[in-house]
Every structure is written in C-alpha cells, then in structure tokens.
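Asker: I would like the entire structure built from these sequences, with the hints used as guidance.
There are 4 protein chains.
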Amino acid sequence: MYEELKKELYKAHMNLEKYRLVAYTSGNVSVKVNNHVIIKPSGIPYDELKAEDMVVLDMEGNTVEGKLKPSVDSATHLYLYKNLPDVGSIIHTHSPYASAFALLSQPIPVYSTAHADVFGVQVPVSNYAPVGSEAIGKAVIEVVNQAKAVLLSKHGVIVMGKDIKEAIRKAIFLEEVAQTAYLARTIGNPEPLDEQEAKRLYEFHHSNYGQK
Amino acid sequence: MYEELKKELYKAHMNLEKYRLVAYTSGNVSVKVNNHVIIKPSGIPYDELKAEDMVVLDMEGNTVEGKLKPSVDSATHLYLYKNLPDVGSIIHTHSPYASAFALLSQPIPVYSTAHADVFGVQVPVSNYAPVGSEAIGKAVIEVVNQAKAVLLSKHGVIVMGKDIKEAIRKAIFLEEVAQTAYLARTIGNPEPLDEQEAKRLYEFHHSNYGQK
Amino acid sequence: MYEELKKELYKAHMNLEKYRLVAYTSGNVSVKVNNHVIIKPSGIPYDELKAEDMVVLDMEGNTVEGKLKPSVDSATHLYLYKNLPDVGSIIHTHSPYASAFALLSQPIPVYSTAHADVFGVQVPVSNYAPVGSEAIGKAVIEVVNQAKAVLLSKHGVIVMGKDIKEAIRKAIFLEEVAQTAYLARTIGNPEPLDEQEAKRLYEFHHSNYGQK
Amino acid sequence: MYEELKKELYKAHMNLEKYRLVAYTSGNVSVKVNNHVIIKPSGIPYDELKAEDMVVLDMEGNTVEGKLKPSVDSATHLYLYKNLPDVGSIIHTHSPYASAFALLSQPIPVYSTAHADVFGVQVPVSNYAPVGSEAIGKAVIEVVNQAKAVLLSKHGVIVMGKDIKEAIRKAIFLEEVAQTAYLARTIGNPEPLDEQEAKRLYEFHHSNYGQK
Numbered sequence: 001m002y003e004e005l006k007k008e009l010y011k012a013h014m015n016l017e018k019y020r021l022v023a024y025t026s027g028n029v030s031v032k033v034n035n036h037v038i039i040k041p042s043g044i045p046y047d048e049l050k051a052e053d054m055v056v057l058d059m060e061g062n063t064v065e066g067k068l069k070p071s072v073d074s075a076t077h078l079y080l081y082k083n084l085p086d087v088g089s090i091i092h093t094h095s096p097y098a099s100a101f102a103l104l105s106q107p108i109p110v111y112s113t114a115h116a117d118v119f120g121v122q123v124p125v126s127n128y129a130p131v132g133s134e135a136i137g138k139a140v141i142e143v144v145n146q147a148k149a150v151l152l153s154k155h156g157v158i159v160m161g162k163d164i165k166e167a168i169r170k171a172i173f174l175e176e177v178a179q180t181a182y183l184a185r186t187i188g189n190p191e192p193l194d195e196q197e198a199k200r201l202y203e204f205h206h207s208n209y210g211q212k
Numbered sequence: 001m002y003e004e005l006k007k008e009l010y011k012a013h014m015n016l017e018k019y020r021l022v023a024y025t026s027g028n029v030s031v032k033v034n035n036h037v038i039i040k041p042s043g044i045p046y047d048e049l050k051a052e053d054m055v056v057l058d059m060e061g062n063t064v065e066g067k068l069k070p071s072v073d074s075a076t077h078l079y080l081y082k083n084l085p086d087v088g089s090i091i092h093t094h095s096p097y098a099s100a101f102a103l104l105s106q107p108i109p110v111y112s113t114a115h116a117d118v119f120g121v122q123v124p125v126s127n128y129a130p131v132g133s134e135a136i137g138k139a140v141i142e143v144v145n146q147a148k149a150v151l152l153s154k155h156g157v158i159v160m161g162k163d164i165k166e167a168i169r170k171a172i173f174l175e176e177v178a179q180t181a182y183l184a185r186t187i188g189n190p191e192p193l194d195e196q197e198a199k200r201l202y203e204f205h206h207s208n209y210g211q212k
Numbered sequence: 001m002y003e004e005l006k007k008e009l010y011k012a013h014m015n016l017e018k019y020r021l022v023a024y025t026s027g028n029v030s031v032k033v034n035n036h037v038i039i040k041p042s043g044i045p046y047d048e049l050k051a052e053d054m055v056v057l058d059m060e061g062n063t064v065e066g067k068l069k070p071s072v073d074s075a076t077h078l079y080l081y082k083n084l085p086d087v088g089s090i091i092h093t094h095s096p097y098a099s100a101f102a103l104l105s106q107p108i109p110v111y112s113t114a115h116a117d118v119f120g121v122q123v124p125v126s127n128y129a130p131v132g133s134e135a136i137g138k139a140v141i142e143v144v145n146q147a148k149a150v151l152l153s154k155h156g157v158i159v160m161g162k163d164i165k166e167a168i169r170k171a172i173f174l175e176e177v178a179q180t181a182y183l184a185r186t187i188g189n190p191e192p193l194d195e196q197e198a199k200r201l202y203e204f205h206h207s208n209y210g211q212k
Numbered sequence: 001m002y003e004e005l006k007k008e009l010y011k012a013h014m015n016l017e018k019y020r021l022v023a024y025t026s027g028n029v030s031v032k033v034n035n036h037v038i039i040k041p042s043g044i045p046y047d048e049l050k051a052e053d054m055v056v057l058d059m060e061g062n063t064v065e066g067k068l069k070p071s072v073d074s075a076t077h078l079y080l081y082k083n084l085p086d087v088g089s090i091i092h093t094h095s096p097y098a099s100a101f102a103l104l105s106q107p108i109p110v111y112s113t114a115h116a117d118v119f120g121v122q123v124p125v126s127n128y129a130p131v132g133s134e135a136i137g138k139a140v141i142e143v144v145n146q147a148k149a150v151l152l153s154k155h156g157v158i159v160m161g162k163d164i165k166e167a168i169r170k171a172i173f174l175e176e177v178a179q180t181a182y183l184a185r186t187i188g189n190p191e192p193l194d195e196q197e198a199k200r201l202y203e204f205h206h207s208n209y210g211q212k
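Residue numbers (UniProt numbering), protein chains in the order written: chain A, 1 to 212; chain B, 1 to 212; chain C, 1 to 212; chain D, 1 to 212.
For the record, the hints were derived by calculation from the structure and aren't laboratory data. Mixed in with the good hints there might be a few duds.
Note: identical chains are not told apart, hence a pair may lie in one copy or across any two.
[Said to hold, decoys possible] In the DSS-like style, the derived pairs of lysine-lysine whose C-alpha atoms are separated by at most 30 Å in a straight line are:
| hint | residue 1 | residue 2 |
| --- | --- | --- |
| 1 | Lys50 | Lys199 |
| 2 | Lys199 | Lys7 |
| 3 | Lys212 | Lys199 |
| 4 | Lys165 | Lys18 |
| 5 | Lys138 | Lys11 |
All of these numbers come straight from a predicted model, not from anything done at the bench.
Answerer: This is how it looks when you write it as structure tokens:
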C-alpha cells in the first residue's frame, strides 16, 4: 500500500537528519491518506530506516500494514488529524533551538520576516502533557493557531502542514527561526515585528512564494 | 542561454547549503550578464534544484528564458544591479549569525582582520523594508558602503560581488565574521580594529591575496 | 575473534564522529563479551580506523588479540565492567555540551522529557580523577545512578548500556539533552521535571519504546 | 618534488574543512622538508584545491616549484620554522571558538584534561600584528610556550607540530578545547586545573598515548 508515499515519507525523515533536527532515533513524520495514517516505526535509528518499514494505521491506531510497532507518538498524530481536518502531514522533533524555548515554556515571538512569512504569528507553547496517550494532542489543540506549529512544554515541537512538503519545510524553518531568535536574544533585545506587518508578510508569502 | 553561467550559479547555491547559510528553500544567488540577470526559481528546495531551472530575466524583470517563476526577491536584485554598475553577482541569505545582528538592527563592527580583509569597514544595517517590491533595494542603497554587504533589518543579509566567485566568498565570510563577533561578545567586550588599520588590511588583501 | 562484534564496534565509532561527539582521535567505545573486552586502539584517527584494528583484552587488561595498543582509557572501562555486571558496552567522549557541564562540575538536571525517557534521573558528576589508572572508574562508581551516564569532572563523559546499541543511543542523547539544557539556561531559568513524573516517563519509555 | 608529502598536506587541508576550522579559502597548512617549505597556494577554495597545487618554497620564500602564488601567510610560516627548529608543520586557521578568544586578546586557560593532555599549559595570545611580513611570526615567538599553539590578537590561531599529523591533531583539539571553554564560561565559572596536575597529564599523555 502507498508505496510512493512511503518513499516520500522516508525522504522527509532523511531531511530531518540532514538538517540535524533529530538524533539517532528521535522524531517522526506522518502523512494522512484516505482514512489511513502512515508513520515511522518506533525506535529505529535513521541509518537503519527503510521506506518499506513505515507503518500504515487506521484512524483508531490499529496497524493496517507493517511488521513493526508504530511510533509511541502515534496517538498524538491521530488526535491531531481528527481535530484538524486540513492537516495532511505532521512532524515531531526535539530540534535543539526550538526545544530550548519549549523547556522554558516560552513562545517564539515574530522577530523576523522569515518567521512572519512561514508562520504569520508567534509559535505558542502547549501545557505540559505526557507522551503515549491523547494528552499531548489535546494540549496542542488548546493553543494551536495559524502557525500550525506548537512548542510542547519541556519536550519538543509539533509542526503541521497540508502535505509532507509543507510540513518538512515548516520543521526546518521553525528551527532556523528559533536559532536566530536565540542568537539575537543572547546579545540584545530583539523587538517583534508589528502584528499587522507580520500578517501582511504571511499573506504575501502564501500568495506569491513558490511555483504555481 | 548562458549554460556555463547557470552551472556556476547552481554550484554557488550548493555552496550556500554546504556552509549552512540557507535552509531548504531560503536564500538565492543571481548573476548579471549583458542586459540579463539569471536567478534561482522561487521556493525550489536545494536538493531538487537543477542548473537548467535557473531563470533568465531582463532588467525590467520579464522572464526571457525559463519555465519556473523567479525568486520573489528578484525586484531587490534588479534594483541593486541598476544602481550599482560594478556589481555582477548578488546573494541573499538568512545565515543565522549575521541574521541575529539583523534582528537587532545592529551593524557588525570590524572586530577581526578577516573582517577587515574582506569588507574593510563595518557591515551596516538597512532600515526595515518589506519583500516583493523595490523597497528592500532602496533601503540597501541608502546604507551600502565599501563592504558591499548589508544586513536587512529583521530579515537577513545581502552581499554583492563583481562576480559569483567574489559574492559567494563574501557570503561565507560574512557568516564567519558574524559568528566570531557573536562568540566574542557573549564572553567579553571585543574592541574594533582601528579604522586606518582596517583600511590598510583591506587594501593589502585586495592587492596581494589570491592568484593574479 | 569476534569479527561481527568488531564491525558493530567500528560502526559505533563512526556514529560518534557523525554526531560530532568526538574529534579526530578522542573518545572510545568498548563492548564486553564472555570474559573479554573489545576496545578502540589508542590515538588512531577516526578516518584511519578499521574494524580489524579493535583490540581484545582479558579482564585484567592483557591483550588477547590485536596488534595495536589499546585505548589509555582501558583501565576505566575494565573497572566499570567488573563493578557493574549488567553493563555490556561503555562509551567515553568529550562531547562539547555535556563536557561544558563537566568542566563546571555541575550535574545535568532533568529539564526535558527526552532526558527523563532515556536517563530517568539527573546525570551526576564524579569527583576529579586522573586518566590511566582505575581512579576514573572508582570516581564513576561513587556517583553512578540509574542514568548509567556520568560527567567526569574537568574531563568529559562516560555512558554505559547493556549493549553497543543502547550505549551509542545514550551517548547521542546525552549530548542532545546537554545542548538543549545549555541553550535553555542561556536564555532563561528552566525548571526540572517533577521527580515522580521523570520516573514515570522513564518506566513508560523502557516498557513501550522501540521494537519488541 | 615531494609528491607523497603534497598528498598528505592536501589531506590535512581537507581535514580542516571537515572539522569546520576553515571557510572556503581561509586557513593554510605547511610542512618543512629538508630546506624547503611546502604550503597552500593563496586564495584557492578548498573544493578546487589539488595536491599538485601545493607550492614548494625555499627558506627565503622563493618558489622552487609550483605554478601558483603561495599563501600570503608564507612569511609567517617561514619565520616560525627558522626560529623553532623542532617544528615540522604549521597550521593557521580562523576556527571560530578559538578566534573568539583571539578577538578578546584572552588566553585559553587549562580548564580540561583534554587541554592539559594536548597542550599542557594555557594557550597564550600574541600582540596584534598585521599580515604579510614577518610581524606575525615575531609576535608569536614572543609568547610561544610548551603548547606550541598561539592565539593571534584580533585574527585567528597558529598551531605547530613536529609533523603534519601532530599539527592537524592540535588544530582540531584547540577548537574543541576552545568550544568547551566557551560553553562552560557562558553558563558558569570554570576553574583551571592545578598547574602541576596539568603538567603531569601532559607528560602522561605524551609518554602513553597513541601507538609506539
């Protein structure tokens, strides 16, 4: 099932590694297709991962195809897909700069045009919630905004996109935005962009950037 | 058209990735040749980019060759070429350390001989200007100095060279210079080089460094 | 002897390099098998290292097989294997973020769920002990806790696992955890997780994460 | 002439790039053999450099073999070889963490056993001296100590070894030592090792580490 999509999902995981957003076994990407969600198997190191290892789940989390156990974060992904119908792909990482803000339970303000372009508004922080049940999903839904990217208190990040391509781009940019925010804050006091200007940049970017 | 130059432009984009000055789709390099400007297409990830994707524009921004939409920063590049006749190649990135200074709207003083060698004077910051029109180009022209490198307030950086080779070298060195400045400032108070000495180093470097 | 295990040990060393936990010649991995310990030879650069270079020692440190001199840290590894019977693999690195805490003789508190998942409790610091005898091993045993990872005062880190796979994962995660802790502390005051919650996460992770 | 040595010198330059001690064209390695010094040509990017490009100089700086202009730092290398007869290879970089200390004209104290092992004593800072003449060489000689590694005020670093292998190892470790010192200082007040202990570690390391 879904051979091409599994390959694209595999490539997305490789991009997480390439951009150093994950380490060894951490992090995962999923994609929704029909009434199924395809996700990384649990605890497989990136250098051993294969496209055919990806696990196909139904919306209740039962394995429809795949020999391996799915990610322990599967319940989080499923809860988010059920509650956000326009989301088609979800990424979870502990990317270090974004996670530093998560450890402090601090949102990332819109300090840069890159932040405004991709996210439009500040990246919020959810309340603390433990892994393995729907608790993280619920905590994300409480705070999710237009950015469709949420810092998980004392944990890491969740980013969501309409497809794998958008989700991976947002995961990479969230870390870039977090790093630049971190660097600026350690040598000065950056001021957030005006809210209206951030909104305008977001709309310009989403109307004009990219092909078609 | 310009097959060799497109290959060189492609290689320059790969160097931006290699030196981690750009992430996934951000950043772009252009080159001027005759009355044309060749530039990266908009929003193509670096690992999908090909030399033949590069877009050839005339000086008014009309596409002369290429199937893809050019970078949303094309208006900025064109404005700068028109106003700075000795510039033959322009690079825009959000390289993290230099962008940290941009987020603070702080110039980078000449703390090091490497800075003096390559740029001669401090790297200035332009006023804030939004993407997509000539506004960024105008803001750059207001502050541009001998360094031919400008921090874009709350945004990123623009570097300019007589050709691709010089521009790419300046983009890489600007980030190195910004990183070293950042590191020094977080553990102490670095003092800028004397202005005359910086000028002397710049002249020595530009007369003696490299081949021929 | 132990051809397959030597290959796995070699691959573990390559992972230390890939994740930038070691530099050029520093760091080493060992594995216990029967009454033997296999370990990296002393001072061989990672890009010259070969699987067949690995040295097989008996529990008194005599070379059983191998033409090269074993790591100067061999006495430390042997002492730990003798005193911690459930340890099957040991890694020593100077990974930079974790070593920064070691230079300050400060433990790493459980700031994140990733820390709790993998280590359960804070990573302690041993007293200062010089290399080359059993002194480091003894200093580690004095403070070792459930984390089976110890910062060596003014030196680096030791992590221990039941096998190579677990040890390498812990070495990579210790540096990730240390980096995130470092970043959070330089822009704020992260609060450690509740002790009971950290324990619960550790137990959940060790019952549910990974395959089988 | 010296074909094998040129290959080893080439490989050393590639290691500088791999460990991110240099950027694009910066930095250089030289080696002394008989009454000749072999050194990198000026301004050649690392991805275009070839072993056969290396320039052979006599001790007065005249080109004995090679079509390219030698490094602008050649006068520095030659001065040091003439004044330090046991030095067989010299490396100059702007590696970022060590250069941060150089920008502040601060020495790097012996905070770690890795520093003691490889350098024995603090890494000193020379007075400011401009490139291109013997001035840098003289400034280095004024402060050089057992570490045979010197921070160049507002510039970068020089490390020296008996051969290429030792020099490259010292260049890599100097940056590791500087990074760890930097990280420790930004979250605390690391205390230097006792001077006698540092000396003891240096002697132990130089008697026991590595093969033969």
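Asker: Within, between, both or neither: how does the pair Lys50, Lys199 come out at a Cα-Cα threshold of 30 Å?
Answerer: For Lys50 and Lys199, the Cα distance exceeds 30 Å both inside one copy (40 Å) and across copies (33 Å).
Asker: How would you classify Lys212 and Lys199 at a CA-CA limit of 30 Å: within, between, both, or neither?
Answerer: within (21 Å within a copy, 48 Å between copies)
Asker: Reference check for the pair Lys165 and Lys18, CA-CA at most 30 Å: within, between, both, or neither?
Answerer: both (15 Å within a copy, 21 Å between copies)
Asker: Checking Lys199 and Lys7: alpha-carbon separation at most 30 Å within a copy, between copies, both or neither?
Answerer: Classified as neither: same-chain Cα gap 35 Å, cross-chain 37 Å, threshold 30 Å.
Asker: Evaluate Lys138 and Lys11 at a C-alpha cut-off of 30 Å and name the case that applies: within, between, both or neither.
Answerer: Within one copy only: 29 Å inside, 40 Å across.
In the structure shown, a violation is registered for the earlier hints numbered 1 and 2, in ascending order.
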